[in-house]
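Residue-level listing of the chains:
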Amino acid sequence: MRAPRRIPVLALVLTLVGIACLVIMVFGDALSGHDHRAMNLDRRLAPPLTDGHLLGTDELGRDVLARLLTGLRWSVATALSATFIAFMIGTTFGLVAARGQSALGGVMRLLTTFTQAFPPFVLAVTVIAVMGDAGFFSIVLTLGLVTWPVFSRVVYAEARSLFEREHVLAAEMTGMPAIRLFVRHVLPGLVPSLSVLVVFHFADMIVAESALSFLGIGAPLGAATWGAMLSESRGYMLSAPWLTLSPALAMVAIIVCAHALGQHLRNASR
Amino acid sequence: MSSPLLQIRDLVIDYGKGADRFRALHGCSFDLEPGQVMAVVGESGSGKSSLVRAVAGLVAPASGEMLLDGQVLPPLRQRPPHTRRMIQMVFQDPGASLNPLHRVQAIIEEPLRVTGYGDAAGRKRRVAELMDMTQLSADLATRRPRELSGGQKQRVAIARALAMEPRILIADEALSALDFTTQDHVSRLLSDLRRDLNLAMLFVSHDMRSVRRMADDVCVIEKGHVVEQGAVSDVLYNPKSAYTRLLLAAALNPRAALSDPRLAEALENGEAVSEDALKGVMDIIRGGALMGDAR
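Line by line, the protein sequences give chains X and D. In terms of this note's numbering, the first sequence opens at residue 4 and continues consecutively. In terms of this note's numbering, the second sequence opens at residue 18 and continues consecutively.
Hint data in this document are derived by calculation from the structure and do not stem from the laboratory. A hint or two may mislead.
Said to hold, decoys possible - Here are some chain X residues the structure puts well away from chain D; computed CB gaps all over 10 Å:
id, residue
1, Gly-21
2, Phe-124
3, Gly-178
4, His-267
Claimed, not checked - Restraint ranges, calculated between C-beta atoms of paired labels, are given here:
id, chain 1, residue 1, chain 2, residue 2, range
5, X, Arg-163, D, Leu-157, 29 to 37 Å
6, D, Phe-39, X, Cys-24, 50 to 58 Å
7, D, Asp-27, X, Arg-163, 28 to 36 Å
8, X, Thr-95, D, Ala-36, 28 to 36 Å
9, D, Glu-182, X, Val-133, 55 to 63 Å
10, X, Val-186, D, Glu-60, 18 to 26 Å
11, D, Ala-137, X, Arg-40, 55 to 63 Å
Note that the structure is predicted; figures quoted are calculated from it, not measured. From the three backbone atoms N, C-alpha and C, an ideal C-beta is built for every residue, glycine too.
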């Protein structure tokens, strides 16, 4: 008799978290009932559950929940976009480098090694500082452009082995165009590793974006981001700990969820 | 006499570079004519797969010459489409040689798409013909490789290779992963295809029964060196090299081999098999014990 199928509780929880994030992405601070920019100096540093402020207010009397939800939208959008850019560049470079001994492959391997030689976060800080124009697109581009070697390395190693598989060799012997060979025979074999990597990279990008915002070189001045909220709360850690705890716990929650999803995908692919 | 379809001259294959260089094949030469089957035999690591992979274009030779219809045969990626389709390969592991995500119909149709064969209906008809030719029932078209037996998978791989209408089919240990009965069926299928399509074959195997049944000529390779080459009737029944004799002895039914008292004694005492004992083995071979027939 077949054992009853286990309910994938983790998958269910992660799906709900994902849906919740999407809803917040769409509606943002409207869900909190407050405008995240609206200041009220009469109600500054109000503790949680005061006057309709579920997570209290900050030093300018702005609703912390509204800023948290707006920050989530910013963080997720930034992390997803940066991950997408890194994924596209890294996967393309990895596949071309793995394809063979061509000069182009050699150049791509060299470029991957060269880019990876620099610590990505330090590189990102330098590039944004040099650009001097913080904003969504500059952050996303910078994070994507300094972190693509992570994808390139994994894709290169996996694709090298996939290109030696007999079904890929058989397809190659038919004279199949390289793009079709990638799409039909190689990319499907990379899906398990890439899906895990994308999720972990997304979590890393959340942290990286928050760190940049914390340093004041991420989002534009005054924008509600988790990093900026943490930075602004430094002077009130003892007197108004909810200002620090709210973005910190939100960040921990989303990273834990992303890692749980990554582990789940990794186990499922085995 | 027809002109050679494939000419191999002093082919040398190396792996690695510098101090790590390993020579897998030390100069091999032969001709393959249309409809001819050349068996390549040798123990594991002897260089037989390297040889046929070089012909397939999957391995670049260090030196030597490969000519197809008198034209130099470049590595796979440099081959023009009409040259690529002329040489196709059936691999050893039928499970690994089929994309696990694709259905049989898609697997056999894929080469037809690549070569621009007809429209969708025409390709479907051609896939049905190829499945019929390789004795696959039509209802298997919608299955994925994991739902097929080893023999069925190997037939699908053969059908896929035939879709390119090759003139040379390389079978690299194509029977070795199959059970005894299935080996028999697939080797008969290959023989029939060779006869019906005038297909030249490079047949890598260590199964002497299949070699005897299918091949016209045989090339015996030991540690990258060709030690004996010629017609099957000469090489298998009157082997000149001690290595060929050992290979034949290894292929023997052990009970038949041990029936020779000289070989049995040598094996029991842990001694090297003497020339005298090998002669006894050859007597058994000539008596038909190796081939399982009444030759």
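Quick rundown of the hints versus the structure:
The beta carbon of X:Gly-21 is kept farther than 10 Å from every beta carbon of chain D, the shortest such distance being approximately 26 Å. Remark: the non-interface label on X:Phe-124 is consistent with the geometry, its nearest Cβ contact in chain D lying 38 Å away (cut-off 10 Å). Distance check for X:Gly-178 against chain D: the nearest CB is about 4 Å away, which does not clear 10 Å, and the non-interface claim fails. The Cβ of X:His-267 lies farther than 10 Å from every Cβ of chain D, with a closest approach of about 21 Å, so its non-interface assignment holds.
Checked against the hint of 29 to 37 Å, the pair X:Arg-163 and D:Leu-157 passes, with Cβ atoms roughly 33 Å apart. The beta-carbon spacing between D:Phe-39 and X:Cys-24, approximately 54 Å, falls within the hinted interval of 50 to 58 Å. Between D:Asp-27 and X:Arg-163 the C-beta distance comes to about 31 Å, which sits within the given range of 28 to 36 Å. Checked against the hint of 28 to 36 Å, the pair X:Thr-95 and D:Ala-36 passes, with Cβ atoms roughly 35 Å apart.
At about 59 Å, the CB distance of D:Glu-182 to X:Val-133 agrees with the hint of 55 to 63 Å. Checked against the hint of 18 to 26 Å, the pair X:Val-186 and D:Glu-60 fails, with Cβ atoms roughly 40 Å apart. Here the CB-CB span from D:Ala-137 to X:Arg-40 is close to 58 Å, well matched to the stated 55 to 63 Å.
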